[in-house]
Amino acid sequence: MSPARGNGTGRGNGAGRGRTGRTESSAPPLDVDSLIDDPGTRIVVCCGSGGVGKTTTAAALAVRAAERGRRVVVLTIDPARRLAQAMGLSELDNTPRPVPAVDNASGGSLDAMMLDMKRTFDELVESAAAPEKAEQILANPFYQALSSSFSGTQEYMAMEKLAQLRQDAEAGRQPWDLVVVDTPPSRSALDFLDAPQRLSSFLDGRFIRILLAPAKAGGRAYLRVFSAVAGGVAGLMTRLLGAQVLTDLQTFVAAMDTIFGGFRQRAEATYAMLQAPGTTFLVVAAPDPDSLREASYFVERLEADAMPLRGLVLNRVARSDGGSLSSTRSTSAAEELEENGEHPLTAALLRLHADRMTRVEQDRALARRFRAAHPDVPVATITARATDVHALGELRSIADELAAG
Amino acid sequence: MPATAVGRDARARRADQGGGDYARRVPAASPSPGSDPAGEPPPAGGAWPDARLHVVTGKGGTGKTTVAAALALALARGGRRVLLCEVEDRQGIARLFDTGPLPYTERKVAVAPGGRGDVYALAVEPRAALMEYLEIFYKLGRAGRVLEKIGAVDFATTIAPGLRDVLLTGKVYEAVKRRERGAPVFDAVVLDAPPTGRITRFLNVNSEVAGIAKVGPVRNQADSIMEVLRSPRTVVHLVTLLEEMPVQETIDAVAELADVGLPVGAVVVNQVHDEVLARGALQAAGRGGLDPDEVRTGLKAARVGRGGEPPATLVDALLTEASQHSERVALQRRERSELAELERPMVELPLLPAGVDLGGLYELAEQMCAQGLA
Numbered sequence: 001m002s003p004a005r006g007n008g009t010g011r012g013n014g015a016g017r018g019r020t021g022r023t024e025s026s027a028p029p030l031d032v033d034s035l036i037d038d039p040g041t042r043i044v045v046c047c048g049s050g051g052v053g054k055t056t057t058a059a060a061l062a063v064r065a066a067e068r069g070r071r072v073v074v075l076t077i078d079p080a081r082r083l084a085q086a087m088g089l090s091e092l093d094n095t096p097r098p099v100p101a102v103d104n105a106s107g108g109s110l111d112a113m114m115l116d117m118k119r120t121f122d123e124l125v126e127s128a129a130a131p132e133k134a135e136q137i138l139a140n141p142f143y144q145a146l147s148s149s150f151s152g153t154q155e156y157m158a159m160e161k162l163a164q165l166r167q168d169a170e171a172g173r174q175p176w177d178l179v180v181v182d183t184p185p186s187r188s189a190l191d192f193l194d195a196p197q198r199l200s201s202f203l204d205g206r207f208i209r210i211l212l213a214p215a216k217a218g219g220r221a222y223l224r225v226f227s228a229v230a231g232g233v234a235g236l237m238t239r240l241l242g243a244q245v246l247t248d249l250q251t252f253v254a255a256m257d258t259i260f261g262g263f264r265q266r267a268e269a270t271y272a273m274l275q276a277p278g279t280t281f282l283v284v285a286a287p288d289p290d291s292l293r294e295a296s297y298f299v300e301r302l303e304a305d306a307m308p309l310r311g312l313v314l315n316r317v318a319r320s321d322g323g324s325l326s327s328t329r330s331t332s333a334a335e336e337l338e339e340n341g342e343h344p345l346t347a348a349l350l351r352l353h354a355d356r357m358t359r360v361e362q363d364r365a366l367a368r369r370f371r372a373a374h375p376d377v378p379v380a381t382i383t384a385r386a387t388d389v390h391a392l393g394e395l396r397s398i399a400d401e402l403a404a405g
Numbered sequence: 001m002p003a004t005a006v007g008r009d010a011r012a013r014r015a016d017q018g019g020g021d022y023a024r025r026v027p028a029a030s031p032s033p034g035s036d037p038a039g040e041p042p043p044a045g046g047a048w049p050d051a052r053l054h055v056v057t058g059k060g061g062t063g064k065t066t067v068a069a070a071l072a073l074a075l076a077r078g079g080r081r082v083l084l085c086e087v088e089d090r091q092g093i094a095r096l097f098d099t100g101p102l103p104y105t106e107r108k109v110a111v112a113p114g115g116r117g118d119v120y121a122l123a124v125e126p127r128a129a130l131m132e133y134l135e136i137f138y139k140l141g142r143a144g145r146v147l148e149k150i151g152a153v154d155f156a157t158t159i160a161p162g163l164r165d166v167l168l169t170g171k172v173y174e175a176v177k178r179r180e181r182g183a184p185v186f187d188a189v190v191l192d193a194p195p196t197g198r199i200t201r202f203l204n205v206n207s208e209v210a211g212i213a214k215v216g217p218v219r220n221q222a223d224s225i226m227e228v229l230r231s232p233r234t235v236v237h238l239v240t241l242l243e244e245m246p247v248q249e250t251i252d253a254v255a256e257l258a259d260v261g262l263p264v265g266a267v268v269v270n271q272v273h274d275e276v277l278a279r280g281a282l283q284a285a286g287r288g289g290l291d292p293d294e295v296r297t298g299l300k301a302a303r304v305g306r307g308g309e310p311p312a313t314l315v316d317a318l319l320t321e322a323s324q325h326s327e328r329v330a331l332q333r334r335e336r337s338e339l340a341e342l343e344r345p346m347v348e349l350p351l352l353p354a355g356v357d358l359g360g361l362y363e364l365a366e367q368m369c370a371q372g373l374a
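The listed protein sequences correspond, in order, to chains S and X. The opening position of the first sequence corresponds to residue 1 in our numbering, with each subsequent residue numbered one higher. The opening position of the second sequence corresponds to residue 1 in our numbering, with each subsequent residue numbered one higher.
Mixed in with the good hints, there may be bad ones.
[To be verified] Coverage of chain S stretches by chain X, computed from C-beta distances (three or more under 8 Å per stretch; other residues unrestricted):
no.: 1; segment: 80–86
no.: 2; segment: 340–349
no.: 3; segment: 385–396
Bear in mind the hints are in silico, worked out from the structure with no lab data behind them. Using N, Cα and C, we set each Cβ at its ideal position, and we do this for glycine too.
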């Protein structure tokens, strides 16, 4: 992924819009401590494209907030087993569990959980329908597809869980005063914001309404046409898939309609919660053009939707203490030693350093581009680590770096 | 199969042939694989001579699309015609090959290394696939557009359990089977597939549609697709990094694929950091036992630093970087031995410090050929 690439999609590249000439100094550094120390901060959402380290960032932030006195619950989406172990939990599940290893000297605490999307959806159904009806829905193949593989379900359920956690806290059922959320590993960071809307408009969609009540549609001419089409569709589906499918589908649609009559309102309420004071977004990105392009879209989207963006966390950034020796110079020094057949160790170290500096220089250029395009967005960087997170201490050290900006 | 056998065989074979120049290949028509008498150029597919469909999966962030693209280039070498498909609406292929967004038709995106052989690309899109399917089999004409308008197409492709995947794999299946003038149109099809977490469900279309289609044409279509997917004509390669999470996911996915009878191919280890230091130095670096004076003398000899005096901070920095490198190498070795237990052929691709551009893709394709993947 060289920095020269990344403008071939037609969606445009944030850095290319003419706001050039601004450099690193333009935005204030991201001040994480004042964010988590502010009692007014109730929700921190960590978002970004897949594979950039959102979960680790969320966990590190949650640990730091808890050790600075907040009562925190962190909702992770798909954590590595090691991360759960690092927090002293043998596993994470749909129920928040206390993280014992967190230092509670400042009066804070940390609970951690992992989103079980199907479980969350099932519970939603169980809480909304009579037991017999709920059972019927849970067994329906369309419901099973919706709850386990619909492309927006995980995002919607993450929102739903977030809303539940907030409600538990506000009603005093739980002591939490800060919820930190990780977001699902979508192919695009924007999916998280769009999924609830997509799911609800899908369930409220015209086709569903037609399937639900073809008879009712008789009154108006154009609806009659649709109704005839729906009849045709039903016939086609029966031919393509067999007769049982239509029965299943109608049962499913009818059930969803009674239970989630207010699906759209629900989605809208959750969305409004994200816009309310007390909610803050951190965009997490890795220093590669794809990830930063997604981050740019996200930043623009948050601005457009009046959602409070606190800053960008640039994760896995290459770093070197030997920055005075550039990649080019290091390579030529190594070549010189190799040609003379002397100092093989130093030559090898110079080769290593040259590779390192190539990445450092590249990451720096990418960060510069992002800053030029978004001069008002504070940025914090986290250094690339040689190995995965295994212990709470490593989460603390990541958080230290984050806090240092 | 031992973990490195493929690589060695292929290297030996290529050496015999003087660079693997496959003469007199006719585009769009490959001789039936496996029938070459000894001494003839090997057929496409390296270790999988019968494979026509190469499915590439991997954990998010491991470089699955890059590997799929490089594999397509490698398979196209020597005058073959290869189709590279993506199914996740990401336009990742277009980005790699620096072209505009791919339409729902095959488009030539690259020429194979050496100049003979073509890579075509296609972004498979479920709605378009459904419309095409209905058009071919039911001649719907304008009625199809009405279906689209009232949301029926959206509905079918998003929620009908498994239908989306049948449509996506169905289009790929069609490309594998397509023939013109008695010969397959594509010598090979490479599928940039969904990530490891979803790959088994995605490919196991048969059981996926079981919930809604017990009989009928969709069921039949799923059955035909499944037949090809489970045959030696298909092979599923897994892309991983030498890191804990991706390796664990790879091991899980291999077991899941095997459980449902899908053919697992190679484990492609991407972004491998070269072991730059000799064994002894590596161990010393890990213990912090490298001699700073030796490094300083070396730097002086290379005239690094103002006035020929290398700054102490630079010496420290190089030692720190060496120690981090040794940590990384140790991790790589641990993870590599975990992967070796899978007893699948392994292909290793180097980390390209400057990132993957078009040139980098060709470099990776060369590596794949050299290691017998293609």
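Taking the hints in turn, this is what the structure says about them:
1. 80–86: Holds: 3 residues of the segment 80–86 of chain S have a Cβ under 8 Å from chain X.
2. 340–349: Per the Cβ count (9), the hint holds.
3. 385–396: holds (count 3)
No hint from the list above goes unmet by this structure.
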